[in-house]
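With the hints as constraints, model all of the structure from the sequences given.
Number of protein chains: 2
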Amino acid sequence: MSGDAEQVMIRLGQQAKNAAKVMRMVDTQAKNRALELAAAVLRRETAEILAANALDMKAADESGLDAALKDRLALNADRVDAMAEGLTQIAALADPVGAINDLVYRPSGIQVGHMRVPLGVIGIIYESRPNVTADAAALCLKSGNATILRGGSEAIHSNRAVAACLRRALVDAGLPQDAVQLVDSTDRALVGALLQSEKYVDVIIPRGGRSLIERVAVESRVPVIKHLDGICHVYIDASADRAMALNIAMNAKTHRYGVCNAMETLLIHQDAIDSVNAIVKGMLDKGVEVRGCEKTVAAAGKLDVKVANEEDWATEYLAAILSIRMVENIEQAMDHIGQYGSGHTDTIVTKDHDAGQRFLREVDSSSVIVNASTRFADGFEYGLGAEIGISTDRLHVRGPVGLEGLTTEKWIVMGHGEIRE
Amino acid sequence: MSGDAEQVMIRLGQQAKNAAKVMRMVDTQAKNRALELAAAVLRRETAEILAANALDMKAADESGLDAALKDRLALNADRVDAMAEGLTQIAALADPVGAINDLVYRPSGIQVGHMRVPLGVIGIIYESRPNVTADAAALCLKSGNATILRGGSEAIHSNRAVAACLRRALVDAGLPQDAVQLVDSTDRALVGALLQSEKYVDVIIPRGGRSLIERVAVESRVPVIKHLDGICHVYIDASADRAMALNIAMNAKTHRYGVCNAMETLLIHQDAIDSVNAIVKGMLDKGVEVRGCEKTVAAAGKLDVKVANEEDWATEYLAAILSIRMVENIEQAMDHIGQYGSGHTDTIVTKDHDAGQRFLREVDSSSVIVNASTRFADGFEYGLGAEIGISTDRLHVRGPVGLEGLTTEKWIVMGHGEIRE
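If you read the protein sequences in the order shown, they are chains Z and X.
To convert, take the position in the first sequence, counting from 1, and add 153; that gives the working numbering.
To convert, take the position in the second sequence, counting from 1, and add 153; that gives the working numbering.
Read the hints as simulated data drawn from the structure, not as lab findings.
Treat each hint with caution, since some may be false.
No copy labels: a pair is met if it fits in one copy or bridges any two.
Quick list of in silico lysine-lysine cross-link-like pairs, DSBU-like style, CA-CA up to 35 Å [as the list claims (entries may be wrong)]:
| hint | residue 1 | residue 2 |
| --- | --- | --- |
| 1 | K352 | K448 |
| 2 | K170 | K379 |
| 3 | K170 | K455 |
| 4 | K439 | K563 |
| 5 | K223 | K459 |
| 6 | K211 | K459 |
In structure tokens:
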């Protein structure tokens with residue numbers, strides 16, 4: 154790590170820690186006011202933000218950034234407005250901070266419970282999309298945290314413009330502007346320095362492609378909440394309602410292809426082999442390439458099903474490709490999910506109560522679903538309001554991460570002079 | 154890392170992962186039966202365990218291990234019986250696994266909630282006390298996890314004997330014996346290999362001295378739940394009942410000196426200066442060395458109070474030493490705690506409702522207490538039954554860690570054929 158990067162990060166870290174001390178005590182109204190002001194500033198400064206974005210787009214053209222990344226990078230008036238609207242929606246969410254739970258009397262006479270409190274300082278490392286600057290900062294702000302944002306170098310001008318709006322709003326709301334800080338440099342050593350800042354930063358949340366996430370996971374001395382693969386399954390049980398199974402399979406695969414909670418592999422009980430034809434036909438009609446095990450290929454008859462290999466089961470396509478495997482029973486389905494799945498989201502379609510309950514209990518994924526599309530694994534659908542990401546980790550928070558995932562609990566004790574005997 | 158150590162740890166890790174897959178599905182009755190059997194085996198094998206312990210004690214004599222460590226290492230029939238009794242108590246605790254919470258209907262029609270599930274594979278790295286082998290393994294077992302135990306080399310024979318009893322009981326209960334594995338070697342490279350086993354181990358819990366904890370925190374690529382310092386405070390507010398304040402201060406300091414939740418610094422509101430004399434006298438009578446700020450020294454008159462320096466405020470004595478500081482108001486008390494405290498446990502003694510509520514809200518420690526001794530920060534006192542340790546981290550679990558801290562939650566969804574529109 155270069156000494157300069159370390160110095161920059163110590164300064165940002167200390168400023169964030171000081172801001173966090175204030176932010177954790179700020180009441181809900183003041184935080185909401187800051188978010189509403191930020192939305193207004195973003196709208197007011199649209200022209201300035203778009204001008205900054207144009208600089209990034211120009212650099213992207215020059216460096217030959219690919220089309221998908223350029224689409225993520227691009228802002229227009231609608232996208233800026235959507236960013237502002239997002240802040241307003243976060244202002245409308247319930248504030249988790251300060252909630253007291255499970256307060257009980259103990260035999261000693263003391264009353265013991267939990268109080269929900271902010272995590273402290275949250276580092277966000279992300280790529281391309283400048284709207285993450287606003288979304289992530291707003292979620293951290295609403296949950297009483299300070300945040301250090303490190304966006305991709307390709308979006309530096311856009312991120313700078315958006316972060317400036319948020320900081321202006323914080324000042325206008327009478328809150329510390331260092332509650333939102335952008336690492337205002339494209340020096341890659343700063344990412345390394347941020348990952349070594351365990352003295353100042355309580356958690357790092359990386360958002361982006363797999364290589365980014367893996368680098369962060371390997372290098373970080375700060376705890377990380379991360380999202381790796383989403384190899385999601387739908388399992389059609391023998392007893393499944395066939396129309397429901399078709400409907401769920403189509404939605405899970407074709408609603409959106411590039412999302413982490415899309416189905417990648419369909420497992421079908423051999424007694425539900427009669428459902429293969431309609432599903433394969435439906436997928437092909439939507440332009441989905443289908444790869445199946447031998448039995449599936451046979452069952453599909455003349456329909457165009459390619460032969461799936463071992464690698465298919467372990468692949469997150471994020472594309473219009475589906476693998477299908479026939480299984481002998483629910484155990485084999487759950488074994489397949491355990492072996493090839495990524496612990497993200499898995500669905501069973503069944504009419505059998507015991508099979509459904511067993512799947513819920515035994516499948517070890519962050520979301521386990523009976524009779525609904527995998528696409529429901531989402532912060533909005535689960536009622537979190539907005540999400541900062543989806544965790545495929547096991548510690549602290551699993552699945553969609555909303556405001557509560559950005560907080561922790563402390564123990565509180567109320568006594569009447571009690572001492573330990 | 155040596156290749157050999159890595160190979161050993163891959164084998165242990167795979168075995169643990171396989172055992173964890175079984176353990177997470179085992180019902181409460183079977184887990185309790187294994188614990189009861191383990192208690193019986195420990196009692197039956199007392200002679201063998203003591204013979205193994207004698208080998209460790211002999212080696213400790215030869216290597217000149219200090220008296221305190223030798224006391225921790227030593228077993229006798231009573232200590233083995235206490236170990237067995239501990240297992241029986243853990244069997245009696247409620248099983249957190251499988252509990253479903255917060256199940257609500259969403260506007261889409263799906264029902265969403267959480268199910269509590271085991272963390273998976275837990276690595277425990279500890280020193281000296283062989284009873285940790287039984288305690289930690291039993292807590293992990295009851296919470297449906299597999300555990301890899303790495304005790305201190307000075308206790309290797311004792312730990313081996315205790316672990317053998319637990320593994321025998323697992324087999325007798327029809328459960329996988331690899332649910333409890335001891336790293337059966339004193340090779341230090343194995344600790345390094347365990348800390349790099351993020352593929353197999355879900356969390357590491359180090360228990361021991363500060364240097365062990367710090368090594369683990371720095372080196373580990375597996376998430377760590379750890380306990381660092383316990384610089385705990387009692388703050389006597391202006392309005393405090395003087396008899397209660399004296400009582401709590403004496404208990405917090407003198408109930409036990411070497412524990413993490415003992416008071417190290419007493420803060421006294423300047424309007425409660427009248428309480429100084431009785432407290433200092435009480436401490437001196439108990440043989441506690443008192444170090445005070447200038448005002449405290451002056452208020453103590455002829456009583457023997459040494460002058461405290463800056464270093465005193467930042468020191469966890471773990472000994473019969475107390476520092477006392479006079480403060481102008483509650484803000485100064487909370488600032489002191491924020492600056493010098495370790496975020497472990499802090500108490501206010503007050504009759505003022507607002508002051509008590511403010512202290513609860515604003516002090517950022519894992520336990521914040523009104524009108525009770527800091528000594529209550531403990532798994533048994535909080536109703537957790539037994540604790541695997543106290544976390545001074547912020548993520549996942551804070552304060553005393555019981556069975557629930559060894560679990561996580563997954564999302565469960567029950568639908569009726571719902572799809573995302």
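| message | Treating 35 Å as the Cα threshold, decide for K170 and K379: within, between, both or neither. | response | Classified as both: same-chain Cα gap 22 Å, cross-chain 21 Å, threshold 35 Å.
| request: First find the shortest C-alpha distance between K352 and K448 inside one copy, then the shortest across copies, and answer within, between, both or neither for a cut-off of 35 Å. | output: between (56 Å within a copy, 33 Å between copies)
| request: Up to 35 Å between alpha-carbons, please classify K170 paired with K455: within, between, both or neither. | output: neither (64 Å within a copy, 42 Å between copies)
| Alpha-carbon proximity between K211 and K459, which holds within one copy, between copies, both or neither at 35 Å | Result: close neither inside a copy nor across copies, 42 Å intra and 69 Å inter.
| Using 35 Å as the alpha-carbon threshold, which applies to K439 and K563: within, between, both, or neither? | between (51 Å within a copy, 32 Å between copies)
| query | Between K223 and K459, at a C-alpha cutoff of 35 Å, which is it: within one copy, between copies, both, or neither? | reply | Within one copy, since 33 Å is at most 35 Å while 68 Å is not.
Comparing the model with each earlier hint shows violations of hints 3 and 6; every other hint is respected.
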